[in-house]
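So the protein lines, in turn, are chains V and C. The first sequence begins at 0 in numbering that gives the first Met the number 0 and counts up by one. The second sequence begins at 0 in numbering that gives the first Met the number 0 and counts up by one.
Hints listed in this document are in silico derivations from the structure and should not be mistaken for laboratory results. Using N, Cα and C, we set each Cβ at its ideal position, and we do this for glycine too. Wrong hints could be hidden among the right ones.
[Stated by the list, open to error] Between beta-carbon pairs, the in silico distance windows are:
id	chain 1	residue 1	chain 2	residue 2	range
1	V	Gly59	C	Ala237	57 to 65 Å
2	V	Tyr154	C	Pro193	34 to 42 Å
3	C	Arg245	V	His117	55 to 63 Å
4	C	Glu70	V	Gln131	18 to 26 Å
5	C	Arg149	V	Gly48	33 to 41 Å
6	V	Asn119	C	Pro193	35 to 43 Å
[Unchecked claim] Here are some of the chain V residues that sit facing chain C, going by a computed Cβ distance under 10 Å:
id	residue
7	Gly48
8	Leu120
9	Leu123
10	Ser132
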Amino acid sequence: MSTPDPTSAEAVERLRGAGVPAEQPAAPPEPSPEPRRWGQVATRVAGRGRRAAAGLARRGLAPVVRRAEARVGQRVHRMVVDVLDGDPALAQVREVADRGGLDPQRIRERDDTVHSAHVNLELLKGELRHVQSTLDELGMAFAPGTGLAGAGARYAELRESVYALERRLRTAGTTSPPPSSPGTAAADLPPRPRPADGDAPVLSSTLFDYVGFERRFRGDPDAILHTLVDRYAELLSDHQPVVDVGCGRGELLGMLAERGIEVIGIEPDPGMAAEARARGITVHEELAGDWLRSVPDGSLGAIITTHVLEHLELDDMIELLELAVVKLGPDSVFISETPNPASLIVLGNSYLLDPTHVRPLHPSLLAFLCEKAGFRDVRLRFYSPAEDYHLPMTELGEDAPEWARELAGSVNKGFGVLNEVLFGPQDYAVIARTPPAPSN
Amino acid sequence: MTAPVRLAVHIGRDVPDGLNAVLSALPPGVQPVAASEREALPEGVVAHLYCSDVRPRRPVAPYAVWWMAGEDAAPAAGAGVPVLADAGHGRPDDLQVSLRAWPEHARPVLPFTRAGLRRVRELPARLVGESRSDGVSWGVPGEQPAVAARDTWPTLAALASAVVATGEDLWTALAWAAPAVTDAASARLLGLTPGEDVLVDDDPAVRTRLAAGLADDELRAAGLARRGWQAACCRRPAAVAAELCRRLGVRPPAHSTVSGLTAAMDELGTPPHSLVRRRARAATAGLPGAVTSGWRPDREEHP
């Protein structure tokens, strides 16, 4: 409902009526009664004339008009209905009209709404472009060469640099001064005494007979030894001196030494360390972390651990890996062989069998930890699939029917997956390298 | 079909409400499009409007600049570059946008017409209306004023010889082309020039005396009323949009759905359902298509 026009008589009456009149309110002049009376008479006469004429017309023409109207009306109505019903557009028009689509006011409102939406859309597009340009500038600040597309990689590099600095800071306080002569081998350094309060022991139980356990369950020691030598001796011979962390009785180092490779053993267990020394090998009877901190940075050629890391707590393992990166020389090798928990028969048998295992080390996890520690060119090698347990593959001759060959193919495919998951490689090794020396 | 003429709008961090209103009120046939310095412009762009920190380096097309509310100094635009701003924020020559609603029925009623209407409505020949925070009053200068309801202010704005008003009531008075007296803050808020568009004084008693003087001086009141009304009109988004297009040389395509007669009536500010409009239509409907340009008596007219 709209308000009356402010200049109208009604609005002025409201102004006058609501107000307290001034001292001398302007009194409206009294209308003269004479013209009003004459006007009323004229109106009455005209009304009577109109009524008389209408009555006359009704009486004379009404029956004729009524009859004609009925006939013509019916015919016209039928024609119009026939025509309109046959027009499919009419249904659409009716529908639009029912929705108020033909109301000019609503059409205008709709047009205004569409126009406003268009303007808002354009403004939003402008804002979006502004945000985009801001992001582009941010990307250029991160990675001037590539912009936002390369910002992720650049950020990863920066993060890696921060990690490297953090590692260096962490080890800087514990690093011994550089040796007087560059040729001094790490093995010649005096071993640091073990702290009195002691770090966390490798084994969680002092009562457990690990030597006896190994003898019973680890398999033929000679066979294992030869396997290890076959796998790693050639690689290790190029990177000396070789440090075996957790060398045990020193069997592997003994065989490497026989090939003329310079070796150092790290073994905290006094009994095993003594046996290793009996083979003529240099063995430091302390924890790996303690010994590694004592040697100069970049002084080692290779570090190998076989079935050791899965016995360590996560922080100790990460610290060992980070120390290894620092103490190994450029382009040196780090080898760690552990049970492969991705093979379920290993996880459910040999891994669980050993109560001193702390956690299964998935190959991807160990590779990730090596990368995080600062190794480059981290590779995984898998060994010894449990082939004795493999589900047999079906082989059909050429004369077998097609359906049988298809069935055999499906079964073999399924068995192959099962063999991989259940009876896959029992061991794996991560072989990682330290970054090469700077070219200058 | 005629290709639309496009106004490229460069948006920054914030979009002022006034900009939205101006773009929505652009003449039919002029389309706003969001643009960026780093992207190719769409076809049909004939001018630019910059509403961001980014300013054109080597402008090849005419452009205008929006003076953002947060900026203290006026944008460094070249000579002749239109500057838009919110009302009260810009300089006198800038295109200032007011988002205040235009009062219903408002039209310019100049002093001579006012005098005639007062005579017909049997109101005093010299009538001053005053809007205060506590209400509305009216009366003959020098006599005891009468108090009226707040919603009768538009009637006073339309019929009074002069008004004293501040804030929103001043906007209503200007919309009715009333010779107005106000305070400095209200004039500044609407971007009015003291002495030209309105008379300004911060003392209420002086304002009342100024209004009484205007009631006696019809010539001065007429000049003040015309300029005040024009100042208020040109702050409406549609007027700003039209003026912006004029200054930028943006001409919408000739084709229009509005008939030539209706467009002419609109341009003259004729009310949609006025008698004048009906008479004009009746007078021209018989002519063979010359003025009506497609208008038909049975069709709804463009408002």
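So, going through the hints one by one against the coordinates:
{"no.": "1", "hint": "V:Gly59 - C:Ala237: 57 to 65 Å", "verdict": "holds (60 Å)"}
{"no.": "2", "hint": "V:Tyr154 - C:Pro193: 34 to 42 Å", "verdict": "violated (59 Å)"}
{"no.": "3", "hint": "C:Arg245 - V:His117: 55 to 63 Å", "verdict": "violated (22 Å)"}
{"no.": "4", "hint": "C:Glu70 - V:Gln131: 18 to 26 Å", "verdict": "holds (23 Å)"}
{"no.": "5", "hint": "C:Arg149 - V:Gly48: 33 to 41 Å", "verdict": "violated (51 Å)"}
{"no.": "6", "hint": "V:Asn119 - C:Pro193: 35 to 43 Å", "verdict": "holds (37 Å)"}
{"no.": "7", "hint": "Gly48", "verdict": "violated (29 Å)"}
{"no.": "8", "hint": "Leu120", "verdict": "holds (8 Å)"}
{"no.": "9", "hint": "Leu123", "verdict": "holds (8 Å)"}
{"no.": "10", "hint": "Ser132", "verdict": "holds (7 Å)"}
Figure legend: structure checked against the earlier numbered hints; hints not met, in rising order: 2, 3, 5 and 7.
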